[in-house]
Amino acid sequence: MARQFMEAIPHSRELAMDLVSIDNGIAEITMPYDEKLVGDPSTGVIHGGAVSALMDSCCGAAVMSHPSSPTGTATIDLRIDYMRAATPGQAISAVAECYHVTRSVAFVRATTFDDDRDRPVATATGTFTVSQPREKPAAETDPKT
Amino acid sequence: MSRQPVEPVQIVRQRRDEALNALVDGVPYIRFMGIRFDRRGDELTAVMPFDQKLIGNPILPALHGGVTAAFLEVTAIVVLSWNIAWDRMENGHRGVDEWDGKHLPKMPKTIDFTTDYLRSGLPRDAYARARVNRSGRRYASVHVEAWQDNRDRMFAQGTGHFVMPTLDE
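As you go down the protein sequences, you meet chains A and B in turn. Note that the working numbering numbers the first sequence so that position 62 is 62, with each residue one more than the last. Note that the working numbering numbers the second sequence so that position 126 is 126, with each residue one more than the last.
Derived from the structure by calculation, the hints contain no laboratory data. A quick note: this is a predicted structure, and the numbers were derived from the prediction, not measured. Beta carbons: idealized from backbone N, C-alpha and C, even for Gly. Misleading hints may appear alongside valid ones.
Stated by the list, open to error - Derived lysine-lysine pairs resembling BS3-like cross-links, with alpha carbons at most 25 Å apart: (1) A/K36 with B/K109; (2) B/K53 with A/K36; (3) A/K36 with B/K106.
Said to hold, decoys possible - Label pairs and their calculated CB-CB ranges: (4) A/T125 with B/R3: 47 to 57 Å; (5) A/T125 with B/D51: 24 to 34 Å; (6) A/Q90 with B/R31: 19 to 29 Å; (7) A/Q132 with B/R39: 21 to 31 Å; (8) B/D17 with A/S131: 42 to 52 Å; (9) A/E35 with B/G41: 50 to 60 Å; (10) B/I11 with A/E7: 50 to 60 Å; (11) A/E7 with B/V6: 34 to 44 Å; (12) B/P49 with A/V20: 24 to 34 Å; (13) B/F50 with A/S42: 39 to 49 Å; (14) B/D125 with A/G44: 36 to 46 Å; (15) A/T43 with B/R129: 23 to 33 Å.
Using the sequences plus the hints, can you model the full thing?
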């Protein structure tokens, strides 16, 4: 199921993202180094945008795996802080935790590492929409919809 | 009083286009995303033509949230670099002819970037413009707006802070 989840997302497949683990609101996704993702040709460091794509995917996966089992999610807001450049040539991996869910919003934080797990490359905080399975009887739903 | 001779328009245009190309063409990630920049005077508009590989939700379908964030961040960095380059060019620091694949101008470094997703990105071309709200000696703050079919309906906006490159002179 985990592999198919990543394979079904064209952009994640394009960046060769791999879902390492996903359970109980916590997800880890890894992404190999690739020359096409370089943002600074003089150093070979990958672009922040590629880190954003990894973090966004990982946060979304964390939301989907939350015990409240949402049926869908979309990013409302995502802030990324860049601590340092990812070491060229090394894969990076993001770990995201969905630490609170309301009826409509999920709150997530994530950290991205390269081989050096003691010094994060970037951290993120985000809020995501939550779609819940329909359970209310028709009479209770908003008459406008 | 003697006036400076007016430079022929094609010389000015060539210098500006070469400077912009130097900022954009040498970056593999910008090429991978298919992002290009249209220039009107000093104003840049980023254009990201739709491509299937940019999709994050194939059922809707919608652009990947990371693609949207990346598009805004690329726009912010290029526009900020362009503003720095523009000031240097206008002040007579040419040096643009030395910018090629190996010797690029130093780029600003992202400190943080926040993306505000206003509506889902449609499977269409996307556009973005950035405004440098503050550009100091060490730090800069840049705001970006992105839209698709309709300029008045942004699908995302973002704000980023950057460490300015040290000028090598």
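task = Could you grab the alpha-carbon distance between A/K36 and B/K106 and see if it respects the 25 Å cut-off?
result = At roughly 19 Å apart (the allowed maximum being 25 Å), B/K106 and A/K36 satisfy the hint.
request  = Return holds or violated for the Cβ distance of A/E7 and B/V6 against the range 34 to 44 Å.
outcome  = 59 Å, violated
query = How does the Cβ-Cβ distance of B/F50 and A/S42 compare with 39 to 49 Å: does it lie in that range?
reply = 31 Å, violated
Distance restraint evaluation - B/D125, A/G44, Cβ atoms, bounds 36 to 46 Å = Because 30 Å falls outside the window, the suggested range is violated.
task = With respect to the beta-carbon atoms only, verify the hint that A/Q132 and B/R39 lie 21 to 31 Å apart.
result = 47 Å, violated
message = Please check whether B/P49 and A/V20 have a Cβ separation lying inside 24 to 34 Å.
response = Since B/P49 and A/V20 have Cβ atoms about 33 Å apart, the given range 24 to 34 Å holds.
query = Regarding B/I11 and A/E7, is the given constraint of 50 to 60 Å on their beta-carbon distance met?
reply = At 52 Å between Cβs, range holds.
request  = For the range 23 to 33 Å, tell me whether the beta carbons of A/T43 and B/R129 fit it or not.
outcome  = 28 Å, holds
task = Could you check the hint for me, namely that A/Q90 and B/R31 are 19 to 29 Å apart, CB to CB?
result = Since A/Q90 and B/R31 have Cβ atoms about 22 Å apart, the given range 19 to 29 Å holds.
Status of the given 42 to 52 Å range, CB of A/S131 versus CB of B/D17 = With a Cβ separation near 47 Å, B/D17 and A/S131 satisfy 42 to 52 Å, so the hint holds.
request  = Verify the proposed pairing of A/K36 with B/K109, using a straight-line Cα cut of 25 Å.
outcome  = Holds. A/K36 to B/K109 sits at ~19 Å (cutoff 25 Å).
query = Between A/T125 and B/D51, is the Cβ distance one that fits in 24 to 34 Å?
reply = 29 Å, holds
The structure shown violates the earlier hints numbered 7, 9, 11, 13 and 14.
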